[in-house]
Amino acid sequence: MAVQSQTGSIVRPPPDPPGPLKWLRDNLFGSWLNSILTIFSGALLYFVLSGSLRWAVTQADWTPVTNFTLLYAVGQYPREEIWRVGAGLALIALMTGLSWGRWGRALSGIGLSMVVGFMVLAVLPAPGQITPAIRIFLAATAGLVGLGYWLGRQSWLPSSALGIGWSVTPVIALVLLAGFKQLSWLASVSTTAWGGLIVTFILSAGGILLSFPIGVALALGRRSTLPVVRLFSTIFIETVRGVPLITILFMFSFILGLFLPADARLDRLIRALLAMTLFSAAYMAENVRGGLQAISPGQIEASRAIGMSSTQTMIFIVLPQALRAVIPSIAGQFISLFKDTTLVVIVGINDLLGIGRSIINSDPAFIQHDLEVYLFVSLVYWVLSYLMSRASRRLETRLGVGVR
Amino acid sequence: METSPEIDVVKSPPFYRDERILRNIAQVVSAVLVIGLVVWAALNFFQAADARGLSLGFGFLDSPAGFPISDAAIDYDTSMPFSRAFLVGLISTLRVSVLGIIFATILGILIALAYLSPNWLLSKLALAFVEFHRNIPLLVLLFLWYFTVFREMPAVENATVLPGPIYLSQRGVYFTWPRLTESGTIFGVSIIAAILLAAVVNARLRRFRDLTGRGEWILPATLGILVAIPVLGWILSGGNPIRWDVPFLDGLNLRGGLRLSAEFMGLFVGLTLYTAAFISEVVRSGIQAVSRGQFEAAGALGLKTLQTLNLVVMPQALRVIIPPLISQYLNLTKNSSLALAIGYQDLFAIGKITINQAGRAVPVFILIMGTYLALSLITSAVLNWYNSRIQFVLH
Amino acid sequence: MSHKRLLNLLLLVVLALVAAACQTTEEPEASSADILARVLDRGRVVCGGRTDLVGFGYLDENGRNIGFDIDLCRAVAAALFNDPEAVEIVPITAADRGPSIQNAEVDLLTRNVTWTSSRDAQWGNFTIITFYDGQGFMVPADSGIETLDDLEGARVCVTSGTTTETNLATFYSSRGWELIDPFVSEETATVYSTYESGACDATTSDMSQLAAIRSGFANPDDHVILAQTISKEPLTAAVPHGDDVWFDVVKLVLFGLINAEEYGVTQANVEQMKSSGDPRIANLLGAGADWGYSDLGLEADAIANAIAAVGNYGEIYDRYLGPDGIAFTLPRNFNELWINGGLIYAPDLK
Numbered sequence: 001m002a003v004q005s006q007t008g009s010i011v012r013p014p015p016d017p018p019g020p021l022k023w024l025r026d027n028l029f030g031s032w033l034n035s036i037l038t039i040f041s042g043a044l045l046y047f048v049l050s051g052s053l054r055w056a057v058t059q060a061d062w063t064p065v066t067n068f069t070l071l072y073a074v075g076q077y078p079r080e081e082i083w084r085v086g087a088g089l090a091l092i093a094l095m096t097g098l099s100w101g102r103w104g105r106a107l108s109g110i111g112l113s114m115v116v117g118f119m120v121l122a123v124l125p126a127p128g129q130i131t132p133a134i135r136i137f138l139a140a141t142a143g144l145v146g147l148g149y150w151l152g153r154q155s156w157l158p159s160s161a162l163g164i165g166w167s168v169t170p171v172i173a174l175v176l177l178a179g180f181k182q183l184s185w186l187a188s189v190s191t192t193a194w195g196g197l198i199v200t201f202i203l204s205a206g207g208i209l210l211s212f213p214i215g216v217a218l219a220l221g222r223r224s225t226l227p228v229v230r231l232f233s234t235i236f237i238e239t240v241r242g243v244p245l246i247t248i249l250f251m252f253s254f255i256l257g258l259f260l261p262a263d264a265r266l267d268r269l270i271r272a273l274l275a276m277t278l279f280s281a282a283y284m285a286e287n288v289r290g291g292l293q294a295i296s297p298g299q300i301e302a303s304r305a306i307g308m309s310s311t312q313t314m315i316f317i318v319l320p321q322a323l324r325a326v327i328p329s330i331a332g333q334f335i336s337l338f339k340d341t342t343l344v345v346i347v348g349i350n351d352l353l354g355i356g357r358s359i360i361n362s363d364p365a366f367i368q369h370d371l372e373v374y375l376f377v378s379l380v381y382w383v384l385s386y387l388m389s390r391a392s393r394r395l396e397t398r399l400g401v402g403v404r
Numbered sequence: 001m002e003t004s005p006e007i008d009v010v011k012s013p014p015f016y017r018d019e020r021i022l023r024n025i026a027q028v029v030s031a032v033l034v035i036g037l038v039v040w041a042a043l044n045f046f047q048a049a050d051a052r053g054l055s056l057g058f059g060f061l062d063s064p065a066g067f068p069i070s071d072a073a074i075d076y077d078t079s080m081p082f083s084r085a086f087l088v089g090l091i092s093t094l095r096v097s098v099l100g101i102i103f104a105t106i107l108g109i110l111i112a113l114a115y116l117s118p119n120w121l122l123s124k125l126a127l128a129f130v131e132f133h134r135n136i137p138l139l140v141l142l143f144l145w146y147f148t149v150f151r152e153m154p155a156v157e158n159a160t161v162l163p164g165p166i167y168l169s170q171r172g173v174y175f176t177w178p179r180l181t182e183s184g185t186i187f188g189v190s191i192i193a194a195i196l197l198a199a200v201v202n203a204r205l206r207r208f209r210d211l212t213g214r215g216e217w218i219l220p221a222t223l224g225i226l227v228a229i230p231v232l233g234w235i236l237s238g239g240n241p242i243r244w245d246v247p248f249l250d251g252l253n254l255r256g257g258l259r260l261s262a263e264f265m266g267l268f269v270g271l272t273l274y275t276a277a278f279i280s281e282v283v284r285s286g287i288q289a290v291s292r293g294q295f296e297a298a299g300a301l302g303l304k305t306l307q308t309l310n311l312v313v314m315p316q317a318l319r320v321i322i323p324p325l326i327s328q329y330l331n332l333t334k335n336s337s338l339a340l341a342i343g344y345q346d347l348f349a350i351g352k353i354t355i356n357q358a359g360r361a362v363p364v365f366i367l368i369m370g371t372y373l374a375l376s377l378i379t380s381a382v383l384n385w386y387n388s389r390i391q392f393v394l395h
Numbered sequence: 001m002s003h004k005r006l007l008n009l010l011l012l013v014v015l016a017l018v019a020a021a022c023q024t025t026e027e028p029e030a031s032s033a034d035i036l037a038r039v040l041d042r043g044r045v046v047c048g049g050r051t052d053l054v055g056f057g058y059l060d061e062n063g064r065n066i067g068f069d070i071d072l073c074r075a076v077a078a079a080l081f082n083d084p085e086a087v088e089i090v091p092i093t094a095a096d097r098g099p100s101i102q103n104a105e106v107d108l109l110t111r112n113v114t115w116t117s118s119r120d121a122q123w124g125n126f127t128i129i130t131f132y133d134g135q136g137f138m139v140p141a142d143s144g145i146e147t148l149d150d151l152e153g154a155r156v157c158v159t160s161g162t163t164t165e166t167n168l169a170t171f172y173s174s175r176g177w178e179l180i181d182p183f184v185s186e187e188t189a190t191v192y193s194t195y196e197s198g199a200c201d202a203t204t205s206d207m208s209q210l211a212a213i214r215s216g217f218a219n220p221d222d223h224v225i226l227a228q229t230i231s232k233e234p235l236t237a238a239v240p241h242g243d244d245v246w247f248d249v250v251k252l253v254l255f256g257l258i259n260a261e262e263y264g265v266t267q268a269n270v271e272q273m274k275s276s277g278d279p280r281i282a283n284l285l286g287a288g289a290d291w292g293y294s295d296l297g298l299e300a301d302a303i304a305n306a307i308a309a310v311g312n313y314g315e316i317y318d319r320y321l322g323p324d325g326i327a328f329t330l331p332r333n334f335n336e337l338w339i340n341g342g343l344i345y346a347p348d349l350k
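Protein chains in written order, with our numbering: chain G, 1 to 404; chain X, 1 to 395; chain Y, 1 to 350.
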């Protein structure tokens, strides 16, 4: 541990001669109990691995995965308009590269995996779906991450450019995807055609971004000295946290219409996004509240003493510190929201999992091979959320949160 | 005489800067906004309900449900009313949640200990388990568990038989299960009495230990009670209080024993393992939160490993563990609503069928959400009470 | 970055996202009373469909929504806009079928809906029966179950939340049998894979679906579909209440597809047939008398365009379900034309 290695004054006994045998003895066969545990775990590992491998090689048929790669990524998005998805992706790749170059280690995992991931996708054999143009584009996108990294390291690039870039990126990406009715080169593409990973990303990123301001407001509301505001905030937070996400999604999808004026109609994807947002906001509020509670009263007293109003104190003293303290828990919440987006399948939106199920049902022969599809889908989720949780842990270390 | 500037300050400020007035205005405005929104929605709803002839009442609960429910825990058939179907669903939710909580806790603690163990392989396996489960959506995991494990079991007539016997088949897992015989009531009562008495004696002796430091009687006394009273009950009930209900193959069906359906097992195992991964993280961080000095000090005092864990580490770790553990329990209960996707008929799944069959979306939704809310509030109230007790005892 | 700027940026992001969200919401549309006007104004027909029912509404490798039901939607679009791609197909779950036309969220529901009187009364206007189905049973070939009478005591796998489930319960109780421990799931795939793995003695669904599922089994010949049905499942296309003209447009386009098959007008020969001497054919294709298209605000060649786009009723059927269908093979039985002994029959367009 870091603490021990720093105590240089302690005189240690000379270490045993290192070697694989010693490592084995220390870590696996130190005592009879340890040896039994090792043998038991080894056997377990062997059976699981050999069983899975045998299945994957001999019995599995990966056609439902390999023949539909583009479908998993973009769903029904019109193939002639696919460049728009690509443009949005390229923009995000560039921004990730820039941020990696500028903000460093916390993002290196995500940046590197993007480079490697795009390169792998570019050369992966997937018949029919991935055209040479898409392959070249994927390779170029990997290059864009690298270009962004290089740019980000340059000192002439102001840091504010990054902030501005990140704030316009989602807008540009959304506008590209949705298009305009009047523009022939950027025709409107209805959200019913969006699917696969695009929808997963939009729901999770949109949900977390939109829930942030609502969550902060609710957290402040719950700690407010105004009883009415406190009451409403508390009721909202506790109700939403007390019921499963699936009930909220279901309510927004099927019942919300009854509570709106007869002619009002909300896009299905937006209804789902609203449900995810409100659900996430309640949890966000509790996270932020944790951050608010961590601010020492001395800070508030000091700012009042120098003549700041309570609003000024909140905006300039309390919130900045509180929000900084909760960035890691917000990252954690983002990951769980990312996983929770799978539930939109139940209300008929084709996210990554939904597309997987549609593919299973698109050919009677695929019903035998649903396991392959589910495994592939889990692999995608696993890789993405593992990368994000690693990045958030590094961010935590970098910010020094939780260090006592 | 000239007016001093201080007097101006003392004068009450204009109303738009008077904090008391502003506060009241803020409250009124927020109240009007929220209540206005609710009223607006309600008016829209009544209009829509009127236009489409939707009924709001709960009267439909008494009419026959008409749909079958698999794996009902209580007596149910299609001629019974919707309210009965709801009750079946609620019991199913409770059953999987309570069992899930118990097993996830035990497993979570074991995995946390495995992770902290000096055995490299075991520790890495525990890490792999946790990382696997934490990064995959529960819905996908449930599909995986259900399809790869419980659906792939052999058909009933060639069910795998484990010692016990326990039959593993596609229709579920059949356990050999002890059931009390007619004369076994005394034995059953004696077991409950033994547990209660043991708990009381144990608590008393612990308090005695805290006061005097003498704790050597705790274990023998507790175990003694737990063994002696049931043995007495066994003798009093004439020596055969238990009948082993052994499952057997009857034509195309397995009969007898305790049957847990494949759908239940899929949900239960998936949910338990998923939550266990999170609980193990909670437990691990709780144990790691106890500073190393505490272990060393306990060692220096001559405490053995188990004593160190029991007397020094756990009491401190529990304070860190309990609050996040509560939210994991609540998560498990709420996550059990994903049962819908793999065919276990819990509260939400039955509610959804009711909406399709009876067409009364709003009352059914009020019922479902109200029930989940009540479950969450009761669970968190009970656990928070326990938590406050733990924290209190230690301060 | 200073905290103030960070906050400002976050605010900017939020505002921008809200703006973008508003951009993607649908423009305010006319109320459900003028669906035809709304459709014409939009230039697209919004249909409720499926992406997960092979043969009827599913996805091809390029993510294009295809299937029997979807082609009916495309036919209507082609009749209005001479473009079978002028459609937007919203995936509708079973629970969402009613609300989707009650709220007029879709213009046309071409997704398997069994026509029942209460649904007709509550949901919208049901046009014509597009497909005659019935609930049947599939059993393993070696199970010894040959007729419905042998089903007593069998464990049945069934999809929940549909009429299938209640029909099953009604069937068992009408015979005085007890329905022992049925396997019930929302997921169609789950139901059939459970059945195939042997956990049930029988599975029940509409005949069309049983045929689809059977063709996907590893060994289709190990399973038989019992000949008798326990219910009538007339599947229909539905439109929202409130616009009679739109109701008529959809109905007559569908009639047109049926008549085209009867008269031998196909996707391939529709252009030559316009000059046919048969007045029925000339009328149908807009080369003869007005069959009412001008009153409905349609072009004379509306039906001809629909046929050119997707073919006649029989061609649509065969494309997916015929002997060389791309989905699976299902004998037409009731869905044969009336002149061939089936129930498919349409008034002439004249």
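Check before you lean on any hint, since a few could be wrong.
[What the hints assert, rightly or not] Just so you have them, the derived chain Y footprint on chain G, three or more residues with Cβ under 8 Å: (1) 252 to 262; (2) 291 to 303; (3) 361 to 371.
[As the list claims (entries may be wrong)] Cβ pair distances, simulated, as ranges: (4) 232(Y) / 50(X): 29 to 39 Å; (5) 289(X) / 159(G): 29 to 39 Å; (6) 216(X) / 112(G): 50 to 60 Å; (7) 297(G) / 23(X): 19 to 29 Å; (8) 119(G) / 327(X): 39 to 49 Å; (9) 43(G) / 293(X): 35 to 45 Å; (10) 119(G) / 293(X): 47 to 57 Å; (11) 232(X) / 46(G): 24 to 34 Å; (12) 116(X) / 112(G): 25 to 35 Å; (13) 216(X) / 300(G): 18 to 28 Å; (14) 316(G) / 132(X): 20 to 30 Å; (15) 60(Y) / 155(G): 49 to 59 Å.
None of these hints come from the bench; they were simulated from the model. Quick caveat: nothing in here was measured; it's all calculated off a predicted structure. For every residue, glycine included, the Cβ atom is placed at its ideal position computed from N, Cα and C.
Right, here's what the structure says about each hint:
1. Only residues whose C-beta sits within less than 8 Å of a C-beta in chain Y count toward coverage, and the segment 252 to 262 of chain G has 4 of them, enough to reach three; the restraint holds.
2. Counting residues of the segment 291 to 303 of chain G whose CB falls under 8 Å from any CB of chain Y gives 0; the rule of at least 3 is not met.
3. For the segment 361 to 371 of chain G, the assignment as covered by chain Y holds, since 9 residues bring a beta-carbon within under 8 Å of that chain's beta-carbons and 3 suffice.
4. Separation of residue 232(Y) from residue 50(X) is about 33 Å and conforms to the stated range, judged on CB atoms against 29 to 39 Å.
5. The supplied range of 29 to 39 Å is met by residue 289(X) and residue 159(G), whose beta-carbon atoms lie about 36 Å from each other.
6. Between residue 216(X) and residue 112(G) the beta carbon distance is about 58 Å. The supplied range of 50 to 60 Å therefore holds.
7. Distance hint for residue 297(G) and residue 23(X): a CB-CB separation of about 21 Å, consistent with the stated range 19 to 29 Å.
8. Separated by about 40 Å at the C-beta atoms, residue 119(G) and residue 327(X) satisfy the suggested range of 39 to 49 Å.
9. Between residue 43(G) and residue 293(X) the C-beta distance comes to about 38 Å, which sits within the given range of 35 to 45 Å.
10. About 49 Å separates the C-beta atoms of residue 119(G) and residue 293(X), a value consistent with the hinted range of 47 to 57 Å.
11. Our hint of 24 to 34 Å for residue 232(X) and residue 46(G) is violated, since their Cβ atoms are close to 48 Å apart.
12. A hinted range of 25 to 35 Å holds for the C-beta pair residue 116(X) and residue 112(G), which are about 30 Å apart.
13. Under the hint 18 to 28 Å, the C-beta atoms of residue 216(X) and residue 300(G), about 52 Å apart, miss the expected range.
14. Evaluation of the 20 to 30 Å hint for residue 316(G) and residue 132(X) yields a failure: the beta carbon distance comes to about 44 Å.
15. Checking the proposed 49 to 59 Å range against residue 60(Y) and residue 155(G) shows it holds: the Cβ atoms sit about 52 Å from each other.
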